[in-house]
Amino acid sequence: MRGWVTLLAASLAVPVAAQDALPPAPYAYTQLDDPAQEAKAVELMETLRCLKCQSQSIADSDAPMAGDMRHQVRTRIAAGQEPEQIRQWLIDRYGDYVSYDPRITSSTWPLFVIPLILLLIAGVLLARRVGRKSTGGPEEIFEEADS
Amino acid sequence: MSAELGHAALWMAAALAILQLLGGALAQRDAQAPLAALVRPAAMLQGFLAVFSFAMLLWVFAITDLSVKLVATNSHSMKPMIFKLSGAWGNHEGSMLLWVTVMALAGALIAWLEKRLPEKTMQATLASQGFVAIGFYAFLLLSSNPFERLASPVAEGNGLNPLLQDIGLAFHPPTLYMGYVGLSVAFSFAVGAMLTRQVNPEFARVMRPWVLGAWVFLTLGITAGSYWAYYELGWGGWWFWDPVENASLMPWLAATALLHSASVLAARDALRAWTIMLGVVAFSMSMLGTFLVRSGILTSVHAFAVDPERGSFILALLAIYIGGALLLFALRAGSVSEGQRFAAVSREGALVFNNVMLCSILGIVLLGTLYPLLTEAFDVRVSVGPPYFNPVGAIFTIPMLLVMAVGPLLRWREDNIERVRAPIAIVVALIVTTALLVVLASTTDVGVLPLLGLAIAVGLSVASFLPLRGRNLLRTPLSIWGMVLAHFGIAVSLFGMASESAFTEEKLVAISPGETSQIGGFAISLESVDPIAGPNWTAMEARITARRGEGAVEVLRPQSRHFFAPVQQTTESALLTRWDGQLYAVVGAPSPDGRWQLRLWWKPFVTLIWYGGLLISLGGALAIVGRLVSDIRRRRTQARDDDEREELESLRQSGAIPAGSTT
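Respectively, the protein sequence lines represent chains X and U. The letter at position 16 of the first sequence is residue 16 when you use this note's numbering, and the numbering goes up by one with no holes. The letter at position 384 of the second sequence is residue 384 when you use this note's numbering, and the numbering goes up by one with no holes.
Be aware that one or more of the hints could be misleading.
Chain X stretches covered by chain U per the calculated footprint, using a threshold of three residues with CB under 8 Å from any CB of chain U [as the list claims (entries may be wrong)]:
1) 49 to 55
2) 88 to 94
3) 107 to 118
Think of the hints as simulated: they come from the structure by calculation, not from any bench. Ideal placement from N, C-alpha and C gives every residue a C-beta, glycine not left out.
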């Protein structure tokens with residue numbers, strides 16, 4: 001699996017082959033001039049996984065690969081691409097793993113169905129537990145209740 | 001020699017844990033069983049031996065005994081003493097020994113001090129504590145012996161990961177473990193109460209300090225961990241929804257639900273089964289947290305499968321304890337009655353609503369954390385991150401926060417919403433006004449969630465003080481102050497999070513010494529970059545001045561550090577804290593033309609995130625003290641009443657007072 005990612009990474013010749021040997025790509029550590037575009041780019045970068053790190057987005061990493069990916073994101077935003085277009089481009093290259101924003105697919109649907117079920121269970125639980133009026137039995141409130 | 005002493009102490013402690021389990025179990029059938037009397041002493045001695053064993057581990061780390069494998073692989077003679085010691089638990093074996101030590105210590109404490117519950121329940125509780133401990137001793141002794149010797153000592157150790165060479169490591173894991181272990185004690189009490197059918201307010205009162213204590217430590221641990229990641233990783237992030245973070249958040253969520261549920265049980269004798277269930281869930285989450293962090297499964301499911309010994313061991317423990325507890329719960333839940341009833345609009349009603357919300361959030365975090373591991377096992381890799389957790393979690397968090405603002409104002413058992421109409425109106429007005437102000441005043445696009453966060457934080461911060469209305473502040477019990485502070489802490493923390501997400505400014509520049517830049521109203525100037533050396537690292541240190549308006553000139557010194565054992569590059573950020581936010585500076589790599597990369601952030605009110613965490617912990621601590629004090633007072637009164645009654649009774653029997661004359 002890991003090898004497969006590396007293979008795909010290697011196919012992206014320019015950015016990845018440049019690791020370590022060359023200085024970081026121009027837009028790895030440089031912001032876009034237009035603040036609106038930069039904000040868009042940062043928002044996207046925060047939702048992309050740095051494939052060489054453990055649980056960090058490319059916006060949070062010093063890894064050369066994260067820098068190269070930031071460069072890609074910024075240049076593509078500057079060229080007028082939409083963030084979702086760029087996300088798709090990266091997913092095509094690196095697989096779903098690169099995006100922290102899971103899409104609904106045949107392998108991810110439980111992520112979206114289970115919260116709905118949870119919502120339902122929560123509703124039922126509340127309706128059952130709270131819906132009943134207090135009836136019968138000793139209605140003691142222990143002394144600490146009012147403290 | 002010290003390593004062998006520690007090892008031997010650990011074996012003896014394990015034997016005592018077995019004795020504790022057997023004695024406690026036999027006592028359930030026959031209270032006069034000879035072993036029954038040994039349960040409490042065994043727990044105390046076990047605590048002592050575990051502490052002794054841990055002290056021996058600290059000792060071999062302190063003297064850097066390189067014939068001990070763990071020291072050789074994780075320490076280095078050149079490391080500062082504080083990191084030599086904290087390095088003792090900065091690794092797998094050491095941290096598991098710390099886990100067991102804290103747990104044994106907690107067991108010793110309840111064996112020594114806790115006299116409120118029926119003895120049979122206590123013995124069942126200690127037996128359960130022993131049962132959990134046995135698993136961990138077995139794990140340590142059979143697959144993670146911290147005292148293993150090398151055939152021949154090495155000349156120098158491998159050193160500790162530089163990211164871990166930080167004061168954060170000295171505090172972060174121990175506080176989290178105390179939280180995890182506190183929940184194990186709560187779990188043992190729950191098991192004891194379930195086995196002896198003593199699920200009642202008294203049980204809740206005995207369990208509550210442990211739940212509160214665990215919760216305070218978890219809060220502190222998470223807060224410290226978040227701040228540590230924030231300044232250490234060098235990119236200004238403070239929460240990543242990383243599985244390791246989630247592993248600490250999940251027990252916290254469960255503990256939060258448990259402590260509120262236990263309060264209802266203590267005050268109203270309601271929610272019996274629910275409290276027990278949450279006790280089981282909370283402990284399961286701390287076990288799961290330990291499993292996620294310790295098994296290596298997070299690095300890769302496949303790495304876990306290749307070297308499965310430790311992982312399988314913890315997984316087996318997890319299955320035994322959680323499965324066993326759930327089974328016991330299923331068997332006994334029928335006999336645990338629900339307890340007192342209450343109306344939808346009541347203090348209990350609000351607490352139950354929020355308990356269900358907390359459990360749902362827990363479910364979401366659990367799902368988002370485990371699902372990628374599950375698919376990875378089938379070679380499908382997906383990532384679940386902030387774009388999932390934030391909105392999906394918010395579905396449950398926002399109603400919870402709103403109910404939290406009103407709940408403490410409601411009366412127990414049954415209330416009328418009309419009665420709290422005024423406070424609700426105030427809170428709603430505050431929320432709406434804040435939201436409108438933020439939308440009108442901000443120049444950039446504030447996201448929906450940060451906007452809601454800011455608005456609710458303002459409403460909640462005022463609402464959290466409303467329970468004090470109409471009270472004599474000097475006579476208000478400490479536990480109420482605790483609640484007010486903790487709820488206010490949530491509002492403060494939420495405000496910090498929302499503000500950081502909404503208003504952070506970022507600037508990446510490459511400048512030469514002497515050049516200037518601007519961020520968040522600060523004029524930044526790079527004065528110089530110089531090489532410096534520390535005990536086990538060298539660094540390039542930038543000298544940056546920052547000045548806001550006409551204010552004083554402040555100096556920041558971020559470093560780019562190069563550690564040589566092991567070889568690793570880290571960034572040491574420099575922070576300038578102002579009342580309204582933090583300036584965060586990092587120095588990066590030089591470019592060939594002599595310019596230096598600077599990363600600068602202005603993060604408005606970011607510090608409130610952690611101040612909020614501290615307030616929450618402080619609130620919890622006040623609640624513990626308040627509860628203990630009032631509990632002791634109540635017992636004293638009760639004991640006095642009992643004495644008087646007894647005296648009266650004996651007088652009556654001796655015939656000094658003719659029967660019937662006193663009635």
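Hints, one by one, checked against the model:
Here the stretch 49 to 55 of chain X counts 3 residues with a CB under 8 Å from a CB of chain U, which clears the bar of 3, and the coverage holds. Requiring three or more residues with a Cβ within less than 8 Å of a Cβ of chain U, the coverage given for the stretch 88 to 94 of chain X is violated, as only 0 such residues are present. Figure legend: the stretch 107 to 118 of chain X, annotated as covered by chain U; annotation consistent (7 residues with Cβ-Cβ distances under 8 Å, at least 3 required).
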